[in-house]
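All chains should be modelled from the sequences, with the hints used to inform the complete structure.
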Amino acid sequence: MERKESRKIRYWCQDETRLGLKTIERKRITAHGVKPIGKVQWEFVAYYLYGIIEPSSGDNFFLEFSHLDSDCFQVFLEQVSKHSPNCLNIIQLDQGKFHQSKNLKIPENILLLFQPPASPELNPIERFWQYIKDELSWNLYEELEELKKEVRTILTKITPKTIISLTNWDYLQKALTVV
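Counting along the sequence shown from 1, when you hit position 1 you're at 1 in the numbering used here, and nothing is skipped either side.
Bear in mind the hints are in silico, worked out from the structure with no lab data behind them. No residue lacks a Cβ here, since even glycine has one placed at the ideal position from N, Cα and C. Among the hints, a few may not be true.
[What the hints assert, rightly or not] Cβ-Cβ distance ranges computed for the label pairs, FRET-style:
1) 165 - 25: 38 to 46 Å
2) 8 - 31: 52 to 60 Å
3) 100 - 171: 36 to 44 Å
4) 118 - 67: 48 to 56 Å
5) 171 - 38: 30 to 38 Å
6) 155 - 117: 26 to 34 Å
[Claimed, not checked] In the PhoX-like style, the derived pairs of lysine-lysine whose C-alpha atoms are separated by at most 20 Å in a straight line are:
7) 133 - 148
8) 8 - 22
9) 133 - 149
10) 149 - 22
11) 174 - 161
Right under this line is the structure:
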C-alpha cells in the first residue's frame, strides 16, 4: 500500500477590513465631564485590506484591493496558496457571499472553514483589525495613498509576538491540539 506524503497543517483566520479617509474615532482620556476634542474628516474614499493571520505563529499575509467581490477573493486565495505552498491551509472565514461564490476555484492546498453566520467575535483576526484601527485613530490623511503607506508601515512593524498575543486564544489552541 502506497503512503501519501503528509503535509503540515496550518490554521489561519481570514477577513477583510475597509480603511478610508473618514477619521477613525476612539475614546480619549479627559477630565471628568469633559468631551474629548479631535478633528474629524468625513471623506468616504476607501479601500479594502484582505488578510490572514496564523494565531499560533503570528505569520500573516495581506493584500490591498479597491473593493470586495469574488474576483478579488479568488486572487487573494491564489496568493495565499503561494504564500504557504507545501501545507494544507485551513482558513476560518465568515459567510460573505463572495466567499461562497460558485465561480471560485479553491486551490488544492486550501480548505475553507466557514464560521456561523453573524458571529465576527469568533474570528481572532477581528481583534487584529481593531489593533490596526486603534493605531490609525484620530489621524487625518489627505490622500488614500498616504493612508495606504501608513497601514503598510504599521503592518511591517507588527511582530509575530504581537499577533500571537492578540489572536492566539486558549480555546482555539485547545481545539487545535485535538486535531
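Evaluated hints:
1. Taking 38 to 46 Å as the suggested C-beta distance range, the pair residue 165 and residue 25 does not conform, at roughly 25 Å.
2. At roughly 54 Å, the beta carbons of residue 8 and residue 31 sit within the given window of 52 to 60 Å.
3. Between residue 100 and residue 171 the beta carbon distance is about 26 Å. The supplied range of 36 to 44 Å is therefore violated.
4. Judged by the Cβ atoms, the range 48 to 56 Å given for residue 118 and residue 67 is violated: they are separated by roughly 22 Å.
5. Checking the proposed 30 to 38 Å range against residue 171 and residue 38 shows it holds: the Cβ atoms sit about 36 Å from each other.
6. Distance hint check: the CB atoms of residue 155 and residue 117 are about 29 Å apart, consistent with the given range 26 to 34 Å.
7. For the suggested pair residue 133 and residue 148, the alpha carbons sit about 13 Å apart, so the restraint of at most 20 Å is met.
8. Restraint check: the Cα-Cα separation between residue 8 and residue 22 comes to about 42 Å, which exceeds 20 Å; the hinted pair is violated.
9. Proposed proximity of residue 133 and residue 149 is supported: the alpha carbons are some 14 Å apart, at most 20 Å.
10. Under the criterion of a C-alpha separation no larger than 20 Å, the hint pairing residue 149 with residue 22 is consistent with the structure, at around 16 Å.
11. A threshold of 20 Å between alpha carbons decides the hint, and for residue 174 with residue 161 the separation of about 19 Å falls inside it, so the pair holds.
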